[in-house]
Amino acid sequence: MFNNKSVLITGGTGSFGHRFVSHLLRHYKPRKLIIYSRDELKQFEMQQKYDAKCMRFFIGDVRGKERLRAAMRDVDYVVHAAALKQVPAAEYNPNECIKTNIHGAQNVIDAAIEANVNRVVALSTDKAANPVNLYGATKLASDKLFVAANNISGAKGPRFSVVRYGNVVGSRGSVVPFFRKLLNEGTKVLPITHMEMTRFWITLDEGVEFVDKSFRRMRGGEIFVPKIPSVKITDLAFAMSDSEQFDVIGIRPGEKLHEVMVPVEVAHHSLEFQDHFVITPPITFFDKDINYSENKLGEIGTPVDEKFEYHSGTNPNFLTIEQIKQLDKDNP
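Heads up, this note's numbering is the position in the sequence shown plus 38, with the first residue counted as 1.
These are computed hints drawn from the structure, not numbers from a lab. Even glycine gets a Cβ: it sits at the ideal position worked out from N, Cα and C. Wrong hints could be hidden among the right ones.
To be verified - Result set (SDA-like, lysine to any residue): computed pairs, CA atoms no more than 20 Å apart in a straight line:
no. : residue 1 : residue 2
1   : LYS137    : ASP77
2   : LYS226    : PHE284
3   : LYS251    : ARG197
What the hints assert, rightly or not - Here are the in silico distance ranges between beta carbons for each label pair:
no. : residue 1 : residue 2 : range
4   : ASP112    : SER60     : 38 to 44 Å
5   : ASN133    : SER281    : 38 to 44 Å
6   : ASN42     : ASN329    : 37 to 43 Å
7   : LEU295    : ASN329    : 33 to 39 Å
8   : ASP327    : MET39     : 37 to 43 Å
9   : SER281    : PRO126    : 22 to 28 Å
10  : ASP148    : GLN361    : 42 to 48 Å
11  : ILE97     : HIS307    : 39 to 45 Å
12  : ASP148    : SER281    : 48 to 54 Å
13  : GLN86     : ILE359    : 47 to 53 Å
14  : PRO215    : LYS265    : 45 to 51 Å
15  : SER212    : GLU234    : 15 to 21 Å
16  : LYS70     : GLU104    : 33 to 39 Å
From just these sequences and the hints, can you work out the full model?
Take a look at the structure:
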């Protein structure tokens with residue numbers, strides 16, 4: 039799909055961007071691979087890591103529409119990964135989070151429509167489902183913007199979809215590298231926020247593969263949700279430290295006890311496929327009535343029960359201690 043195509047990744051110097059670039063260079067031969075981000079040091083470091091002739095580096099912020107327009111000329115596919123993601127930071131700096139996650143999302147949409155790109159996939163988060171924090175609320179708004187963008191772009195314009203998944207093992211700012219740092223510094227008792235806390239868990243490679251496949255599956259307007267395991271935070275802490283003693287520090291500002299990726303409120307327009315769920319648009323696009331029960335790969339989905347909810351605490355698939363240890367070993 040990406041052979042001889044131009045691909046742009048916003049926030050491309052982040053954990054996802056690095057792994058997605060490696061994936062594209064390993065499996066495809068893109069014409070251009072554009073990294074769009076605001077940190078020149080991270081771009082310099084990324085340039086030292088990859089010497090592919092197809093790569094281009096654009097310094098820019100998604101808040102800057104004109105710069106996005108320039109970067110998106112002749113682009114075929116866009117992955118929108120740029121975001122402010124730290125929950126407590128967003129609570130204390132709400133305006134900055136809104137500027138990047140909502141206004142920036144609209145700038146990406148506008149630039150993509152003007153450049154007439156082919157397809158756009160925006161990365162979302164489990165925190166966008168029934169949000170209780172500012173970060174989740176901005177990502178929910180972003181998701182809504184990307185879904186509705188299919189109506190704005192018209193019948194012949196770009197198609198937009200969203201990928202929503204949970205915590206990424208080892209990604210920058212996540213709990214795993216934080217725990218590793220504490221343990222390397224000699225900490226014996228790891229801090230956890232609540233003894234009952236659970237999270238959805240996905241590896242970076244699994245996230246990258248899912249985004250790749252979503253490009254090939256999408257009709258436009260879907261929110262793709264992978265079927266992934268949950269993890270108990272106490273099990274994670276025990277697997278990393280081999281200690282059953284924890285320092286319970288309390289839930290942080292804006293933090294949930296459990297996460298949801300498909301709320302019961304949207305079950306009536308959600309579909310289950312073999313390895314993922316699809317939340318279909320609540321609106322009908324003006325150009326045609328799209329049959330989302332069969333995706334572009336010919337995979338067939340069926341409606342979920344009207345009381346269905348995809349919830350990290352009731353997920354039938356939980357990682358064992360040994361599985362967590364193996365994931366930690368495989369994702370240093």
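Falls inside 39 to 45 Å, the C-beta gap from ILE97 to HIS307?
40 Å, holds
LYS251 and ARG197: Cα distance at most 20 Å?
Judged against 20 Å, a Cα distance of about 15 Å means the pair holds.
For the hint 15 to 21 Å, verify it against the beta carbon of SER212 and that of GLU234.
For GLU234 against SER212, whose Cβ atoms are near 20 Å apart, the range 15 to 21 Å holds.
Starting from the range 38 to 44 Å, see whether the pair ASN133 and SER281 falls in it by beta-carbon distance.
Distance hint for ASN133, SER281 holds at roughly 41 Å.
Does LYS137 pair with ASP77 here, judged by a C-alpha cut-off of 20 Å?
Holds, because 17 Å separates the two Cα atoms, which is no more than 20 Å.
Holds or violated: the 47 to 53 Å window for the beta-carbon distance between GLN86 and ILE359?
Hint violated: Cβ distance 38 Å, outside 47 to 53 Å.
Check the following: the C-beta atoms of LEU295 and ASN329 are separated by a distance inside 33 to 39 Å.
Holds, since LEU295 and ASN329 (Cβ atoms, about 37 Å apart) stay within the stated range.
Distance restraint evaluation - ASP148, GLN361, Cβ atoms, bounds 42 to 48 Å
Taking Cβ atoms as reference, ASP148 and GLN361 lie about 43 Å apart, which means the hint holds.
Is the distance from the Cβ of ASN42 to the Cβ of ASN329 consistent with 37 to 43 Å?
For ASN42 and ASN329 the Cβ distance comes to about 30 Å; the hint is violated.
Could you check the hint for me, namely that SER281 and PRO126 are 22 to 28 Å apart, CB to CB?
Holds, at about 26 Å.
Indicate whether the distance between the beta carbons of ASP112 and SER60 respects the range 38 to 44 Å.
This hint is violated: roughly 23 Å between Cβ atoms.
Distance restraint hint 48 to 54 Å, applied to the beta-carbon atoms of ASP148 and SER281
51 Å, holds
Taken one by one, the earlier hints fail for this structure at numbers 4, 6, 8, 13, 14, 16, listed in ascending order.
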